[in-house]
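Colleague: Sequences listed follow chains V and F, in order.
Just add 15 to wherever you are in the first sequence, counting from 1, and you've got the numbering used here.
Just add 1 to wherever you are in the second sequence, counting from 1, and you've got the numbering used here.
Think of the hints as simulated: they come from the structure by calculation, not from any bench.
Remember, predicted model here, so these are calculated numbers, not experimental data.
You may find that some hints are simply not true.
[To be verified] Just a few of them, taken from the derived set where beta-carbon distance is under 10 Å, the chain F residues facing chain V:
1. 121
2. 129
3. 239
4. 273
5. 282
6. 283
7. 293
8. 296
The beta carbon of each residue, even a glycine, is placed where N, CA and C say it ideally should be.
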Amino acid sequence: MADVADVVQIDHSGSRLNALVPSAAKSPRTQEVLRFVVALTTALFGFGLVLLVQGRNPLSAYADMFGFTLGGAYGRSEVLVVMIPVLLCALAVAVPARVGLVNVGAEGQLYLGAWLASWAALSFTNLPPWVLLPFMLLLGLVGGGLWALIPAFLRSRGWLNETISTLLLNYVAVLIVQFSVFGPWKDPRSANFPQSQEFVPAAQLPTFGDTRLHAGIIFALVAVGLLFFILRRTRWGYEMQAIGGNPEASRRAGIPIAVYIILALTIGGALAGLAGFGEVSAIQGRLRPSLSPGYGFIGFLVSWLAGHNPLVIVVMALLLAVLTAGGDALQINQHLPFASVNLLMALTLFVVLAQRGGGRRELER
Amino acid sequence: MSSVLFAQVQRAVTSTSLLQGLAAGAIRSGTSVLFASLGEVIVERAGMVNLGLEGCMLTGACFGFVVAFRTGNPFLGLIAAALAGGLFNLLLGYLVVTRRANQLASGLTLLFLALGLTSLVGWDYVGKKIDGLSLIRVPVLSEIPFLGPVLFEGDVMSFAILPSALVVWWVLYRTRWGLAVRTVGESRVAAYAAGLNPDRIQYQALFVGGLLGGLGGAHLSLAYAQVWVPEMTAGRGFIAVAIVIFASWHPVRAIVGALLFGGAIAFQLQLQARNAPASPFLLDMLPYLLTLLVLLLWGRRRQYQAPEGLWEVFRGTS
Chain V
16 MADVADVVQI DHSGSRLNAL VPSAAKSPRT QEVLRFVVAL TTALFGFGLV LLVQGRNPLS
76 AYADMFGFTL GGAYGRSEVL VVMIPVLLCA LAVAVPARVG LVNVGAEGQL YLGAWLASWA
136 ALSFTNLPPW VLLPFMLLLG LVGGGLWALI PAFLRSRGWL NETISTLLLN YVAVLIVQFS
196 VFGPWKDPRS ANFPQSQEFV PAAQLPTFGD TRLHAGIIFA LVAVGLLFFI LRRTRWGYEM
256 QAIGGNPEAS RRAGIPIAVY IILALTIGGA LAGLAGFGEV SAIQGRLRPS LSPGYGFIGF
316 LVSWLAGHNP LVIVVMALLL AVLTAGGDAL QINQHLPFAS VNLLMALTLF VVLAQRGGGR
376 RELER
Chain F
2 MSSVLFAQVQ RAVTSTSLLQ GLAAGAIRSG TSVLFASLGE VIVERAGMVN LGLEGCMLTG
62 ACFGFVVAFR TGNPFLGLIA AALAGGLFNL LLGYLVVTRR ANQLASGLTL LFLALGLTSL
122 VGWDYVGKKI DGLSLIRVPV LSEIPFLGPV LFEGDVMSFA ILPSALVVWW VLYRTRWGLA
182 VRTVGESRVA AYAAGLNPDR IQYQALFVGG LLGGLGGAHL SLAYAQVWVP EMTAGRGFIA
242 VAIVIFASWH PVRAIVGALL FGGAIAFQLQ LQARNAPASP FLLDMLPYLL TLLVLLLWGR
302 RRQYQAPEGL WEVFRGTS
C-alpha cells in the first residue's frame, strides 16, 4: 500500500489524511535523498556510456559540466538563473495539480507572458523603469494567465480535457512569438536573425553584479512561500485539496469547483508568464523565438518529481537547473548539441520514476 | 523549422489546381500522423496514454534516416525506424507497466530522452541528402483526371493508409489478441480474472504501437522531407494523441482525423505557394487550432466510448 500513496501524491501536511499515508512515516528524508543520489549516479553512468559510444571522454565532459556549474561563482549564479523559470513553471504545474488538473502548457504560458511583456517594452519606450518594469511584470502575469484561461474555461464547462488543450496551445504560443519577431516586431538591423529590437534600458530588469542573476529569483521564492502558506494554512488550500481528492464529494459539499478550476489553472499560467517576463526582460533583453529550451516541460517534470509540494519543488528545480546549466558547458567545451543534455535529464527522471513505481498492482492481486 | 520541411514539398503542390493540391497534400502530410495515430489507438485501447509518442516518432525519423543514409536503402530505413520506435516504447512500458509510474510524466520523460538521443545520433546527419521513398505512379489509374494524381500517386506508406487502418481494426476487433488488449484497457482486474496477463499484453500493445509510431516518424524523414532536421516532428506526436481522442479510439475514424490535419497543412502550403498575403506562422497555427476545434465539437459526446482504464490517466491519479 505504501507505493499507492507515493503515486497518488497526497499531501501529508498534518491533515487527517495522514492516517492514509503510512509511507510518510516509513520513508524518512534521508532515504529519499539516498534514492535520488542513486538515481543521479545511474543516469550519469548511462549518459557516460552514450558519450563513450559517441567517441567522447565522459570524464572530461562531466568535469566541464560540474566544474562550470558548481566550481565557480559565475557558474553557480548561472544555475540560479536557469532555476528561476524552471521553478516558476513547476509552480505553474503544481497549483492546478492540487485540484486534479494536468497543466502541460507551462511552455506556452511562458511564451505568451514573454510576448505580452515584450509588447509593453517595445511600445512604451519613454516610461521610466519604475513604471515600465512593474507594468511588464503585470503583463507577463496577465499573458500567461489568459493563455491558461482558455483551457481552464473549456475544462470548467466539461467541454475539453485540459491535458490535450494545454499541450496543443504550446505550439500556437510559440508561433505567435515567431509571427511577431519575423513580422511586425522584427529588428531591421538583425538581417535574417529573427528577433525584436533590443529593449530600452528602462525595460531591462537589473542583474546582480557581473552575473545574469536577476530579481526573478526573489519573485520565484516569494511565490513558493505564498503558495506554501495558501495551500497549507488557508481554507482555499484545504478546499483545493478536497477537490483534488474527491471532486464529487466536494461538489456536494458546496465547494464551487468550476471557480477553483479556473482560478488554479489561471494562477498557474500567470506564474509561467512571470517566468517569461524574467527571460525577456533580464536574460535576453529582447524577444526571441528561442527564449526557452523547454523550461515549461522541465517544470512539469520537476513538479511531478516533487509531488507538487512547493518546498520539494525548490530542491528539484535546483537539481535540474544544475543539469540544464551544465548543458551550456557541454555545448561550448565539448561541441555537443545543447539538446544532448536532455538525455542526461531524461535518464535521471527515468530512474526516479522507476524507483517511485508502484500503483494499482496491490489492489489487483 | 516547419517551413524548412514545407519548402521541400512545395514544388509538388504548386503545379496543380487548388483542390487537387489540397487533396493530394492532405494525404502526403497526413500519412505520418496517421501511422502514429494507429499505433496510439492500440496503446490507448490497452489503457495507456503515450505522451512520449512525439519522442517515438522522432526516434523513428532519426534512426530511419541514419540507416537509409548508411545503406542507401530507404526500406531498410523503414524497418530500422519501426524497430527503434517499438524498442523506444518498451522503455515506456518499463515505467508505466512494470513500475506503475505516472503515465503523463513518464511519457514526457521519454520525449526528453528522444530529444537528447536523436540530437546526438543525428548530429552528423543534419543537412545530408538521401534517396528517400520514391514516388510511385500506378499505371493507367493515375491518368484519371483529378482522382488519379490524388489516389494513385504517392509513396509506399501513403498507399498503405487504408490497408493499415483496416488491419489495425481487424486485429483489435476480430482477433483474440485484440480482445485481450481491449479487455485490459477496460479493466486490468477483469483481464486478470479472465486469466490474461495484463502486463504482458500492455507491453505487446506498446511495442506494436511503437512500430507504427516509428514508421510514422520515418515517413517524415524518408518520404515527406527526405532530410533529417532535429525536432522535425514539431508536435505531430501530440496531434496524433489528439486525433485518437477525436476518432473515439477507432482506427478507421483516425483516417478522417489525420486527413483533416494533413488538409490543414496542405491548405497552408497552397496559400504559401500562391503567395497569399498571410504570415506562414499564422497559417502554421491552423493544424493545432483545427485539432482543438474538432475535439471541442466532437470530442465530448464520444467520451463514453473511452476505454475505462484511460480515465485514471487523464484524472492524473495513475
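Colleague: All the hints need checking, so say for each whether the structure fits it.
Modeller: Hint-by-hint comparison with the structure:
Interface restraint check: residue 121 of chain F against chain V, minimum CB-CB distance 5 Å, threshold 10 Å, status holds. Interface hint status for residue 129 of chain F: violated, as the beta-carbon distance to the closest one in chain V is roughly 16 Å, over 10 Å. For residue 239 of chain F, the shortest C-beta to C-beta distance to chain V is roughly 5 Å, which falls under 10 Å, so the interface hint holds. Proximity of residue 273 of chain F to chain V is violated relative to the hint, the smallest CB-CB distance being about 14 Å (cut-off 10 Å).
A hinted interface residue such as residue 282 of chain F counts as satisfied when its beta carbon comes closer than 10 Å to some beta carbon of chain V; here the least separation is about 4 Å, so the hint holds. Interface restraint check: residue 283 of chain F against chain V, minimum CB-CB distance 6 Å, threshold 10 Å, status holds. Satisfaction of the interface hint for residue 293 of chain F is found here, the shortest Cβ-Cβ separation to chain V being roughly 6 Å, below the 10 Å cut-off. With its C-beta approaching chain V no nearer than about 6 Å, residue 296 of chain F sits inside the 10 Å limit, and its interface hint holds.
In this structure, the earlier hints numbered 2 and 4 are contradicted, and the remaining ones agree with it.
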